[in-house]
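A.B. asks: What follows is each chain in one-letter form.
Protein chains: 2
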Amino acid sequence: MSEKSRQWIFLKRPSGTLTEDIFELREGTVGQPGEGELLVKVGLVSLDPANRAWMAPVATYKPPVMPGDVMHSFAIGRVIRSRAEGYAVGDIVEGMLGWQDYAVLAAETVRKRDSRHSMENLLGVLGITGLSAYYGLLEVGKIKAGETVVISAAAGAVGTIAGQIAKLKGCRVIGIAGGAHKCAWIVDELGYDVAIDYKGPNFKAELADAVKSGVDVYFDNVGGEILESIVPHFNIFGRIVACGTLTDYNDAEPQPGPRGLQIACVVKRLRMEGFIVLDFAESWDKAEADLVSWIDAGLLKPPVDVREGFDTLPGNLIGLFKGTNKGKLMVRINSFDDLASQA
Amino acid sequence: MSEKSRQWIFLKRPSGTLTEDIFELREGTVGQPGEGELLVKVGLVSLDPANRAWMAPVATYKPPVMPGDVMHSFAIGRVIRSRAEGYAVGDIVEGMLGWQDYAVLAAETVRKRDSRHSMENLLGVLGITGLSAYYGLLEVGKIKAGETVVISAAAGAVGTIAGQIAKLKGCRVIGIAGGAHKCAWIVDELGYDVAIDYKGPNFKAELADAVKSGVDVYFDNVGGEILESIVPHFNIFGRIVACGTLTDYNDAEPQPGPRGLQIACVVKRLRMEGFIVLDFAESWDKAEADLVSWIDAGLLKPPVDVREGFDTLPGNLIGLFKGTNKGKLMVRINSFDDLASQA
Chain Y
0 MSEKSRQWIF
10 LKRPSGTLTE
20 DIFELREGTV
30 GQPGEGELLV
40 KVGLVSLDPA
50 NRAWMAPVAT
60 YKPPVMPGDV
70 MHSFAIGRVI
80 RSRAEGYAVG
90 DIVEGMLGWQ
100 DYAVLAAETV
110 RKRDSRHSME
120 NLLGVLGITG
130 LSAYYGLLEV
140 GKIKAGETVV
150 ISAAAGAVGT
160 IAGQIAKLKG
170 CRVIGIAGGA
180 HKCAWIVDEL
190 GYDVAIDYKG
200 PNFKAELADA
210 VKSGVDVYFD
220 NVGGEILESI
230 VPHFNIFGRI
240 VACGTLTDYN
250 DAEPQPGPRG
260 LQIACVVKRL
270 RMEGFIVLDF
280 AESWDKAEAD
290 LVSWIDAGLL
300 KPPVDVREGF
310 DTLPGNLIGL
320 FKGTNKGKLM
330 VRINSFDDLA
340 SQA
Chain B
0 MSEKSRQWIF
10 LKRPSGTLTE
20 DIFELREGTV
30 GQPGEGELLV
40 KVGLVSLDPA
50 NRAWMAPVAT
60 YKPPVMPGDV
70 MHSFAIGRVI
80 RSRAEGYAVG
90 DIVEGMLGWQ
100 DYAVLAAETV
110 RKRDSRHSME
120 NLLGVLGITG
130 LSAYYGLLEV
140 GKIKAGETVV
150 ISAAAGAVGT
160 IAGQIAKLKG
170 CRVIGIAGGA
180 HKCAWIVDEL
190 GYDVAIDYKG
200 PNFKAELADA
210 VKSGVDVYFD
220 NVGGEILESI
230 VPHFNIFGRI
240 VACGTLTDYN
250 DAEPQPGPRG
260 LQIACVVKRL
270 RMEGFIVLDF
280 AESWDKAEAD
290 LVSWIDAGLL
300 KPPVDVREGF
310 DTLPGNLIGL
320 FKGTNKGKLM
330 VRINSFDDLA
340 SQA
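Residue numbers (numbering that gives the first Met the number 0), protein chains in the order written: chain Y, 0 to 342; chain B, 0 to 342.
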């Protein structure tokens with residue numbers, strides 16, 4: 000195979016807000032899979048707040064991306080060549096494929112996916128995003144019908160799914176999002192009971208009004224000041240699902256934490272708990288079956304925000320932190336029709 | 000009964016650090032119990048960080064103390080007159096008796112205690128203090144043998160018991176206390192593996208050295224900066240037992256929370272959970288039996304710091320926040336020999 004593989008190289012660690020100059024476009028050669036490995040052509044790349052966290056020089060739930068590496072990312076691709084048992088050319092796989100046309104990687108690091116689902120759903124509602132909403136609410140937050148659930152970044156990848164799951168489980172659901180347009184959208188399209196614009200002048204008063212009966216579960220995608228604003232409203236035995244801290248990822252230095260959280264934890268017996276979906280891998284099939292059944296029943300609409308083109312990867316990741324996306328943000332770098340024809 | 004009842008009245012809410020002028024000494028008359036009520040003579044008064052939290056104008060797990068009230072506190076007393084079924088003159092009871100010689104209160108608000116135990120143990124290791132250590136470690140922290148447990152305010156009422164319970168459960172136990180004297184005491188007398196002086200110049204370096212293998216459970220009695228200093232050291236699936244936030248109680252305004260806690264919760268899947276022992280009332284008998292068995296076996300020494308005299312109550316409460324006590328702080332306001340003779 001003489002084709003080239005475009006690659007976005009992570010050049011240097013950012014010191015604060017992401018800028019395009021931390022990436023460099025290169026043309027690499029297409030690698031050859033060794034024993035137990037696969038050659039995968041990458042189709043859809045997932046852009047996630049976690050991408051930013053991996054740029055810090057410390058391990059998270061995976062090793063950090065190192066300067067000189069192809070930028071890490073979850074993605075969906077198709078097997079082009081297989082030297083691993085159980086994998087055939089044409090199989091759809093999900094894994095840490097990175098920002099490149101072709102990835103060579105050990106078969107045990109990828110997950111074979113069911114090609115009856117759309118690529119967008121495989122990467123979104125049936126991928127890390129949907130599973131985060133599912134496990135965060137059901138296993139960590141342990142939501143119950145009748146409870147009040149507040150979700151931040153409610154128009155984002157996880158929030159759009161979480162809000163709908165909380166609704167179909169019988170909760171009252173309040174979304175926090177940035178701007179009137181997103182707020183209207185999550186109520187009209189996704190069924191949130193109330194949406195509150197955190198950029199608006201009356202955020203705290205609107206929040207207080209919306210949660211008069213108290214907050215039972217706060218699904219936290221952002222951390223920082225929004226968590227602080229919710230602390231006074233928790234009911235006894237309230238839970239904080241620590242899914243992400245979007246506001247922290249771009250900070251060069253950690254910001255002070257939310258005021259009053261510790262004393263509220265004691266007095267109201269709150270529980271704040273972090274999780275990652277990898278910890279629930281044993282039950283992913285059950286979760287996927289539930290999510291598919293809700294989609295088929297019309298109870299769950301998975302919004303996706305698909306951008307086009309390899310060149311747009313850095314700009315779209317930067318845009319993620321400015322809130323330019325509605326629903327799950329992903330970039331199509333190779334069409335799956337092309338992939339299919341090569342298979 | 001013509002005897003007077005000395006009372007410390009809570010005059011006005013403090014705006015920051017406690018001062019004696021928020022209390023006023025008065026002489027009240029001894030009340031008469033109505034139907035279902037008891038007249039109790041108060042013997043030993045418990046001084047706890049929670050006393051300070053109750054002074055804020057918001058309900059905690061109980062209504063706040065209101066200006067004009069007799070100051071609230073847990074205490075041990077003896078029934079002097081009973082108009083409630085199941086209670087007899089001479090019974091030892093524990094409850095929210097307050098800073099006064101005599102309390103009249105509904106029998107259902109007190110708990111009859113086993114007079115075979117010493118009054119000091121009933122109020123300390125077998126009271127709220129010991130139960131906080133017991134439930135905090137076993138039910139909230141879910142400590143396991145071989146884990147590393149860090150305990151703040153380690154020389155205090157809860158910390159002295161918690162450290163010993165963690166040791167007898169097979170954990171490595173690191174205590175944080177103020178001053179070389181307390182640090183030596185918790186190692187030599189209570190069996191802590193390591194003690195670190197948070198007032199010392201090398202606190203952070205000593206902490207890092209002591210927890211090289213990571214922290215599995217942090218039993219937090221203080222909140223604030225000490226929690227922040229532990230955040231970077233947690234192992235995956237670490238737990239923070241939110242038992243108290245001593246450093247917050249005296250603040251007029253809530254201080255910023257610990258930096259990095261939220262992102263650490265996500266990345267390391269930490270759980271921070273508050274509790275109060277009242278939530279575990281159904282199993283108090285089992286807890287008491289365990290604690291007594293450990294004391295009888297010589298595995299648990301309950302340190303008490305008993306001060307004498309009704310007049311010393313305000314000063315000793317203020318001293319609690321300066322760390323003047325070792326072990327459970329309590330004030331004897333009436334001797335139990337006197338009480339027994341009146342029974």
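Be aware that a few hints might be false.
As the list claims (entries may be wrong) - Computed cross-link-like contacts, SDA-like style, restricted to lysine to any residue with a CA-CA straight-line distance of at most 25 Å:
#1 Y:198 to Y:188
#2 Y:143 to B:277
#3 Y:198 to Y:95
#4 B:141 to Y:318
#5 B:321 to B:295
#6 Y:141 to B:211
#7 B:141 to Y:292
#8 B:267 to Y:188
#9 Y:143 to B:211
#10 B:267 to Y:198
#11 Y:141 to B:103
Honestly, the hints are just simulated from the structure, not real lab data.
A.B. asks: Take the hints in turn and mark each one as holding or not.
C.D. replies: A quick look at each hint next to the structure:
no.	hint	result
1	Y:198 to Y:188	holds, 21 Å
2	Y:143 to B:277	holds, 23 Å
3	Y:198 to Y:95	violated, 34 Å
4	B:141 to Y:318	violated, 42 Å
5	B:321 to B:295	violated, 33 Å
6	Y:141 to B:211	violated, 34 Å
7	B:141 to Y:292	violated, 36 Å
8	B:267 to Y:188	violated, 34 Å
9	Y:143 to B:211	violated, 40 Å
10	B:267 to Y:198	violated, 30 Å
11	Y:141 to B:103	violated, 42 Å
When held up to the earlier numbered hints, the structure conflicts with 3, 4, 5, 6, 7, 8, 9, 10, 11 and fits the remainder.
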